[in-house]
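Each protein sequence line maps, in turn, to chains A and B. For the first sequence, my numbering begins at 1 and goes up steadily by one. For the second sequence, my numbering begins at 1001 and goes up steadily by one.
Keep in mind that the hints were calculated from the coordinates and are not lab data. None of the values given here were measured: they were computed from a predicted structure. One or more hints might be untrue.
Distance condition first, Cα-Cα at most 27 angstroms in a straight line; then the derived BS3-like pairs of lysine-lysine [as the list claims (entries may be wrong)]:
1. Lys43(A) with Lys5(A)
2. Lys1131(B) with Lys1121(B)
3. Lys43(A) with Lys112(A)
4. Lys1006(B) with Lys1090(B)
5. Lys86(A) with Lys1121(B)
6. Lys1141(B) with Lys86(A)
7. Lys1006(B) with Lys5(A)
8. Lys86(A) with Lys1090(B)
9. Lys1121(B) with Lys1006(B)
10. Lys1131(B) with Lys1120(B)
11. Lys1090(B) with Lys1120(B)
12. Lys1059(B) with Lys1120(B)
13. Lys1006(B) with Lys1059(B)
14. Lys1090(B) with Lys1059(B)
15. Lys1131(B) with Lys86(A)
Computed footprint of chain B on chain A, listed as stretches where at least three residues anywhere in the stretch have a Cβ under 8 angstroms from a Cβ of chain B [claimed, not checked]:
16. 15 to 21
17. 51 to 63
Glycine included, every Cβ here is placed at the ideal spot set by N, Cα and C.
The lines below spell out each chain.
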Amino acid sequence: MNEFKVTIREQENAHVLDLLGYLDAHTAPVLEEAFQQMIGNGKFRIIVNCRELTYISSAGLGVFMAYIEDVRANRGDIKMSNMSPKVYNIFDLLGFPMLYDIVNDESDAIAKFAALS
Amino acid sequence: MIQNNKNSQPSTITIPSRTERLNDVRQFVAQAARVCGFTDADVNNIMLAVDEACTNIIKHAYNYAPDESIEVNVRMHGGEFEIVIADRGKNFNPDSVPPPDMKEYMSQYRRGGLGLYLMKKIMDTVDFQFKANRNILRMTKQLH
C-alpha cells in the first residue's frame, strides 16, 4: 500500500499543506478533502510544500486544477514549494509551471504573499 | 528475468481493478525498466505512463468495479521496452478523446483527461486495440 498524508499548518500570512508520500488516484481524495477544508474556512492563501512528496500522477494534479480558479477568484493563490526534480518533472510535462507559482522554498512563497498584504 | 539490455523474457503482473493496487504496478514496471538500463528519469516517466493507463482502466473501462482484473506485461525486445496492458472492460476508443490543446486546457482549469496526454508524451508509441473482448494497450519506449 502506498502512503500519502497531508498536514495543515498556519504560517504567518498563509496556510501550508505539507504533502508526504505518493499522490495518485487512490490518495487524491485525501488532498481534495484538505482543499475543501481550506476553502470552506475561507483560507485562500495556500502553500503546498512538496518536500516529502515522492510521486504525483495526473489524479493528484487534477486536484490543484479543481481549486485554483476558486482560490484566485478570492484573491488568494496556490503556491508550490520545495519540489524534488522528480516531482517537478511531472508538473513540467503538463506545462504546469506556466499556470502555477512554483518556488524553491516555502519562505519564498510566504514572502510573495507578504508582498501582497 | 532480464538477460541483457536488448531482449528479455516477458514478465507479468495481474492486479484487481482497485486504485490501492496502483503502487504494485508502479513498482513492478519501475523494477523492470531499471534492470533494462533506463535512467532514473525515464524509469519515473514510464512508471507514470503505466499508472495513468491503469487508472484510466479502473475509472473508465471498469467504472470502479473492484473485482475485475488488469494484466500488465513487460519485456525488452530489440532494444525497445514494451508494455502491454489488457482488460475486459468497456471498449475504449482513443479517437473519442481529442488531444487537448494544453494552453486552452489550462486556461479553462479543467481536470481529468490528462492521463492519455501524459502517456503519449512519455512513450514513443501508444496503441489501442480491441480484440476478443479485451482492450489491449501497447506502449513502447526505446532505450537510448
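Evaluated hints:
1. Lys43(A) with Lys5(A): The hint holds at about 20 angstroms.
2. Lys1131(B) with Lys1121(B): 25 angstroms, holds
3. Lys43(A) with Lys112(A): 16 angstroms, holds
4. Lys1006(B) with Lys1090(B): Roughly 35 angstroms between the alpha carbons, so the hint for Lys1006(B) and Lys1090(B) is violated.
5. Lys86(A) with Lys1121(B): 16 angstroms, holds
6. Lys1141(B) with Lys86(A): 19 angstroms, holds
7. Lys1006(B) with Lys5(A): Violated, at about 40 angstroms.
8. Lys86(A) with Lys1090(B): 33 angstroms, violated
9. Lys1121(B) with Lys1006(B): 23 angstroms, holds
10. Lys1131(B) with Lys1120(B): 21 angstroms, holds
11. Lys1090(B) with Lys1120(B): Judged against 27 angstroms, a Cα distance of about 21 angstroms means the pair holds.
12. Lys1059(B) with Lys1120(B): Holds: Lys1059(B) and Lys1120(B) sit about 19 angstroms apart, inside 27 angstroms.
13. Lys1006(B) with Lys1059(B): 34 angstroms, violated
14. Lys1090(B) with Lys1059(B): With Cα atoms ~10 angstroms apart, Lys1090(B) and Lys1059(B) stay inside 27 angstroms; holds.
15. Lys1131(B) with Lys86(A): It is violated: about 36 angstroms lies between the C-alpha atoms, which goes past 27 angstroms.
16. 15 to 21: violated (count 0)
17. 51 to 63: holds (count 7)
When held up to the earlier numbered hints, the structure conflicts with 4, 7, 8, 13, 15 and 16 and fits the remainder.
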